[in-house]
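Visitor: Both chains come to you apart, so use the hints to assemble them.
For the record, the sequence lines run as chains X and G.
In terms of this note's numbering, the first sequence opens at residue 9 and continues consecutively.
In terms of this note's numbering, the second sequence opens at residue 1023 and continues consecutively.
Derived by calculation from the structure, the hints in this document are not laboratory data.
Each hint should be verified, as a subset may be incorrect.
Calculated cross-link-like contacts (lysine-lysine; reagent style DSS-like; alpha-carbon spacing at most 30 Å) [claimed, not checked]:
(1) Lys337/X / Lys1214/G
(2) Lys319/X / Lys1504/G
(3) Lys1206/G / Lys1224/G
(4) Lys300/X / Lys1206/G
(5) Lys1206/G / Lys337/X
(6) Lys434/X / Lys378/X
(7) Lys159/X / Lys1504/G
(8) Lys300/X / Lys1501/G
(9) Lys43/X / Lys1224/G
Per label pair, the in silico range of CB-to-CB distance [to be verified]:
(10) Arg334/X / Pro1401/G: 24 to 34 Å
(11) Leu1316/G / Thr384/X: 40 to 50 Å
(12) Ile1336/G / Lys337/X: 28 to 38 Å
(13) Glu1487/G / Gln186/X: 42 to 52 Å
(14) Glu53/X / Pro1401/G: 37 to 47 Å
(15) His1257/G / Glu418/X: 50 to 60 Å
(16) Glu459/X / Thr1343/G: 41 to 51 Å
(17) Asp1327/G / Arg334/X: 39 to 49 Å
(18) Val444/X / Asn1435/G: 37 to 47 Å
(19) Asp187/X / Gln1313/G: 23 to 33 Å
Don't be surprised by glycine CBs; every beta carbon is placed ideally from N, CA and C.
So you can see what is in the structure, the chains are spelled out below.
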Amino acid sequence: MPYIPHTPDDVQAMLQAIGADSIEALFDEIPAHLKAGHGLDALPEGRGEMEVTRLMAERAEQDRFALSFLGGGAYAHHIPAAVWEIATRGEFYTAYTPYQAEASQGTLQVIYEYQTLIARLTGMDVSNASVYDGASGLAEAVLMSLRANRKSKSRKVLVPDALNPRYRSACDAIVRNQDVELVSVPFCADAGQTLVDGLKEHEGQDFAALVISQPNYFGSLEDVDALTDWAHANGQLVIAVVNPTSLAILTPPGEWGADGEGADIVVGEGQPLGIPLSSGGPYFGFMACTQKHVRQMPGRIIGRTIDLEGKQGFTLTLQAREQHIRRSKATSNICTNQGLAMTAATIYTSLLGPDGLASVAGHCHANTQKLADKLTAIDGVERAFTAPVFHEVALTLPQDADSVLARLAEKDILGGLSLAKDYGMKNAILVNSTEVHTEGDLDLFAQALKEVLA
Amino acid sequence: MSNETTLIFQHSRPGRSATAQAPKPVSEDQLSAIPASLRRKNKPGLPEVGELEVVRHYTNLSTKNFAIDKQFYPLGSCTMKYNPRGANRAAMLPGFLNRHPLAPASHSQGYLACMYELQNFLKEVTGMKGVSLAPMAGAQGEFAGVAMIRAYHEARGDDARTEILIPEAAHGTNPATAVMCGYKVREVPVGKNGDVDLEALKEACGPQTAGLMMTNPSTCGVFERQIEAISKAVHDAGGLLYYDGANLNAILGKVRPGDMGFDVIHMNLHKTFATPHGGGGPGAGPVGVSQRLLDYLPTPMAGQDSESGDYHWIDTDTLPTSIGHLSAFMGNAGVLLRAYFYAMVLGREGMIRVGEYSTLAANYLLKRLEAIGCQAAYPERRASHEFILTFAKQAKDNHVTALDIAKRLLDYNQHAPTIYFPLLVPECFLIEPTETETKEAMDDFIDAMAKILEEANTNPETVTEAPFTQPVRRLDEVKAAKELDLVWSEA
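Isolated chain G (complex conformation) (with noise of 0.2 Å):
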């Protein structure tokens, strides 16, 4: 591991450049049908280095991320599975690179092929009747999703509904997307034993109710067994019911969004369809929907004529009932490649190991770390694809909480599991191996918990004061929000 701390801006000499890479200067001459007064004065305070320097400085700050290509990186609900090497280099393909996004038909009919065959794909995997690949990441196929159910209700004059319903213990993502398509939320209660508290959603569902937004398997690592209840009380209310795919990887060919009565869904390319999340994204978060929000979908779409073989973009002079687009061009185009390289080389067996794996491997983890002494969250339940610990007792009794546990991981060369979250259960962890990972991989992390809740009880520090062995030590968190210090300056 590197200990680079420097700044690129502190290698900076004046004069100093990468000279390979610029193209010789333009004259003044050259530049003179540009007007003075809109000219820059100062040059940016862009570092000049070498290539040399810019090559050794952004590799060794590398060396000092955890990735999953270095660690088991059990993340709940961000499906942390391998990301083949093989769909990177397919998508980088120079024919496929080089392409502009405005290029015509003509020039396109590659690409068009594989965007048009992921969408039958995403549609038969799911159950939907219709996909769009168009939004950037879950949070915007969420928006995409909830901005169709809104048009859905506005093209019927059904103008007073209001609020979208939400189980408590859904990502946050759920009620600041509900916002943003203008709606109020209200949170519906969710039971001791995970499941949605479904005397109160029935109580919740009224005139006012333009839809509800959930997950199933929930954030709470089990499947939603009252799943048709729940969608006959919202459609008997005239809502529409949004499935949050985040936990998609959870029943990728066991249950179908599409055959558990949900109207429209979004996937997370980024989790279920192995793309990288490349430290925070791009993701892909198409949407797919039910017949009744087919005309809505977000913009552009590929098709194909059914004469002639030939694609073309469908978009919103073709669909103008379309909510529109919602980048510049299609979305992330080169994170769907890579999804469709992952979905051409699992095909339809693949899929359905990718659910029975990935569940096996949680059932697994979870028998496991309860034999040595961890708290399951909902002990009598089935995993899903992940499942909560609690760690309540040790914060009681040893003062040991669930970030210092997570903390102590990275000691083990471990990447800690989601802490906090979801906000209902106290102290927790959400863990989620993927099927990629093998058993040995799993059984060191099991043997680094032991250890972990061993030190918990006779030492303590050495899990409150952890990690010893990053490189860095706990952060100052109030200096950062306090103090900001967002840019770099020399003074």
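Only chain X is shown next, with the shape it has when bound in the complex (with noise of 0.2 Å):
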């Protein structure tokens, strides 16, 4: 029996301590009617590993490799093999929330460090242990600032239309049970900006928060001291979206506006942090805020204290903010989070250190720049927009933009992500590279286009 020890034995004399004739006798509170009767026929028989884990090896080939210049949110960057082998110890990777402090030491500690590099990175006073994605993440954040946002009595928050499409329509279906509306900022069609003069009409008027996304979906640098002293002016709070491992060279939300006053919350999708792309998930999200809105803070949050004898330990803290103790008052029904990607975003963070992911960074950037160069000396390719960009670009082609990306893919070539669905840019794609191309990986993607296009 796959991972049931139980010998003939064992089962005998355990129904010998119940007092029961058989297993089936256990059940006999179920009224009979709605036992399985169907014996789950539908289901194939049951496999050893060796023959489960030759199918699903068969599956992976089957996915071929190609040459991906996806980003979109999720980025492949290189991972070090310690992150993972570490991550999957059995002492993480099989322990539970660790509501048991004093058995729980390991992944309390490693949450209390992972809190204080995000709120290093993000410039921050404060960190939660994580949530689920940065798009839900972002959910949660416009849910706190209504909560946060004592001056204001709207359930509007501004979402500018260069935010990830993918985290404003996952924000939106999360919000908008709760009657929250997202109101739409447009981008400048040139720049590929949001520009403070987009936000004029809106002067005046009750908000809760200004969304910021920093960059924004299109890979472009905002001006986040003009948006930040906007919102600020306006009475909203500054809803930071960012990219951590932008937040090596560029400024952090904490240090926004034109004197510093920063952004009230901050969230991200935290995958660049040494998490594989992996169909999209686990991936995990990060959030952090001002000291002073940590109490409307969702999600778990670890406190550094003593024991009875005065030495150091972590435990968990402000529970009174969660489900298992609020229940229907909670700041939001999160109970598992994304523990173990936290776990290998704190050592992926801790080998890189500040310089490593600096070089990071500026490689990423660096790479885009030079791919977009190439791509756009092809004829009638050019920058869709004129803002600079930290590591994602959008061109526009002489074609359609979808039947491009489909003929690349027949080369296996992953050639960027289609502006046509979400922003009617029939011929426009998006373009990331980071420090795991190679000068011949862009080359061999700027050949093809040419050929593609040809």
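Guide: Next comes the structure, spelled out in structure tokens:
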């Protein structure tokens, strides 16, 4: 019996201790006609580890290797071997949520270190222990801003159109149930940036918060200082959506604004910090805020304290915000988070350090610039926008984007994401490059695109 | 066990690095396209440490955890069963790890095939008509479920339904979820035998009822015997029935939520399908629905073309009534692959055994613990896959609480059961041994409990001051909450 250790003697001994004749007798409280008479006929028979491993290996092989320039919120980076070797140690991998603090000091200290890393990267005061992913994290941030902005009575939040459309749709799917409205902010069609000009029509109106994405979906760098100051001047909180790799070289949200007043809530996708692409998950969302708003933050939070002998120790804290204590009055229903991915990210960030992460960010940017130069050297290929970019860039092609991408895929090159469906830009694509691409990879892409367009 | 208490930041020395891991620095020239006003002025205070120090630090920290791989871990309602290593290896195959979530279907047939088969597997084992794998944890599955209930009522123009009914023994996520979906919560009392108070439920049902959320077996560790009457009362009032799959392990292969009349369920794959808890996550919380909620399932889902056999994504462009996406991509794919591995290894007969042997283990443990003097909360009932003990007597006679006994268990190298849940039983333990533990492992737990009950009588301080053998003694939680120290600072 796979993973069930009992011998027939064990079973007999247990039944005897219970005083039951058979295992079936233990189900005597279930109305007989409800019991599965169907025998689960549609299910396959069980197989051994070897056979299932072989089947899954064949499936994994079937997903053909391709040279990928896809980004859009998930990015290919080198992951040091040590990261997952350690994260999948049984002591981390098979532990539960650290409710029994004395028996969970390993996990708890890792989370405390993680909270510190996130606070320092984002320039914020405090961080929680992770949420599901960047997009659902934004939904939590939007709901949090309604609670935290005491000056506003609004259930509306300003969200730029240049935000990752997947974030917008997931956020909307979650918050609309509480009658929260995401009000769209246009972007400048030349620059590919969200401008304060585009916000002018909302001056003097009541909104709980403004979302600022740095970089935005097009890879463009926003004028975050101007946007932050506008929001604060209009009584709104600032919710920053950021890429963690970029924070090694870009101004952290905690310092945004001309006077460095900073964002109020920061969220983002943690995947770039050592988490494999893995078809979209498990990733983790990071979430940080100012000290002032910590009691409005959802999710688990770890604090450093002492034990009864005065020795340092770590424990879950501020649990009165959470569902298992507060039930219907909790800040969120979140319970399970993304602990193991967060553990991996802590190890990754420690291995890279400030200089290593800055090098990764620098290579991502430099490679993307180089790639844009190589691709725009092809007739009819141009940058879609004028704004400076971090590690993703929008290009217009002389032909229909979806069809070009399909022809590139036939050559096993995933040449970016189409902007047709989300933005009606039928000829535009979004391409990303990171430190994993060699000069040869960039040339291969440029050559293939040239052939496809010819 | 390590006594590593130093933080990674305290190992940091300026200029030290894990050199093999970072690409060579880029020149300032290469960054010149980024305006100076957007550049970070001071480098972030991340640790500057060598690779060995990182490996040693986190390896040492790991040894300060209890884990299923090390200890019996009978947390009620958490289903801490063995997490097969084979599932981890299969999910970590390079073809799966390196697949970008937005790769076209042409480059995703292998992955899509696994997801499509997992959807069908879960459909059959729960008796539901459709399954979406999108929710990333149990609580998000609950959210998806209640959001679908709301979408269903709204689509019919039935917008006076403002309340979700929840038995008082329910998990905290249930009421929190109902509120996240814009509903008011009305709690329904539970009777002395662990079953819902049916009369009170009937009274609570009405035109304002959007639905009822419940687990079965319930959080009282017993099968809700009136489930069909409950189902009828809620349905007659026009409400829908939500099944919280936290306790699905108890009935896997025995009773299907679909056959009990539930309209929507979520499953916790990190419980029932043996994927790891990872120190707090990630999980996966797929949802299954009856016919009437099929149109509202969260996207994306895997579909198969009946002629070509090719797989594709079903998204909001083909299912516009869907409640939509709950994450940027498609949920916790790597967790789903581990669950797929587990489902394929167990197969039909293995699924049926899960319910049988988890129930056998729980009833054995209950009877043996009663024999050594533990008080069951529902002594006249069969245990499901878990059961409740109450230590109200010890608390009164010896001033030894359930918390004290839990802490003392750690000294006996046993992880504590879930404590103080459900809230309606005083000084309680919720104990779930799972089907993967040997009889000897359970016997060791029983021996430890016998010794602790003895200590509670003869030498209560050894219990009330426990633990003595862990990396730390009991922690000052009041200080943790009052003098918030959530982030390390060197000063």
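Visitor: Confirm or reject each hint.
Guide: A quick look at each hint next to the structure:
With a C-alpha separation of about 27 Å, the suggested pairing of Lys337/X with Lys1214/G holds against the 30 Å cut-off. Restraint check for Lys319/X and Lys1504/G: satisfied, since their Cα atoms lie roughly 18 Å apart, inside the 30 Å limit. Between Lys1206/G and Lys1224/G the CA atoms are separated by roughly 18 Å; this keeps the pair inside 30 Å, and the hint holds. At most 30 Å may separate the alpha-carbon atoms for a hinted pair to count; Lys300/X and Lys1206/G meet this at roughly 29 Å.
Simply put, Lys1206/G and Lys337/X have alpha-carbon atoms about 11 Å apart, close enough for the 30 Å limit, and the pair holds. A C-alpha spacing of about 24 Å is found between Lys434/X and Lys378/X, which places the hinted pair at or below 30 Å, so the restraint holds. Between the alpha carbons of Lys159/X and Lys1504/G the distance comes to roughly 26 Å, so the proposed pair stays at or under 30 Å and holds. As the CA atoms of Lys300/X and Lys1501/G are separated by approximately 19 Å, the hinted pair is consistent with the 30 Å bound.
Of the pairs offered as hints, the one joining Lys43/X and Lys1224/G holds, with about 25 Å between alpha carbons and a cut-off of 30 Å not exceeded. Between Arg334/X and Pro1401/G the C-beta distance comes to about 32 Å, which sits within the given range of 24 to 34 Å. Take Leu1316/G and Thr384/X: their Cβ atoms lie about 47 Å apart, and the range 40 to 50 Å holds. Range check, Ile1336/G to Lys337/X: Cβ separation about 37 Å, and the 28 to 38 Å hint holds.
About 46 Å separates the C-beta atoms of Glu1487/G and Gln186/X, a value consistent with the hinted range of 42 to 52 Å. Evaluation of the 37 to 47 Å hint for Glu53/X and Pro1401/G yields a pass: the beta carbon distance comes to about 40 Å. Evaluation of the 50 to 60 Å hint for His1257/G and Glu418/X yields a pass: the beta carbon distance comes to about 52 Å. Remark: the range hint 41 to 51 Å for Glu459/X to Thr1343/G is upheld by a beta-carbon distance near 42 Å.
Checked against the hint of 39 to 49 Å, the pair Asp1327/G and Arg334/X passes, with Cβ atoms roughly 47 Å apart. Between Val444/X and Asn1435/G, the C-beta spacing of about 44 Å keeps the proposed range 37 to 47 Å intact. Taking the beta carbon of each, Asp187/X and Gln1313/G are about 29 Å apart, inside 23 to 33 Å as hinted.
When each numbered hint is compared with the structure, no violation occurs for any of them.
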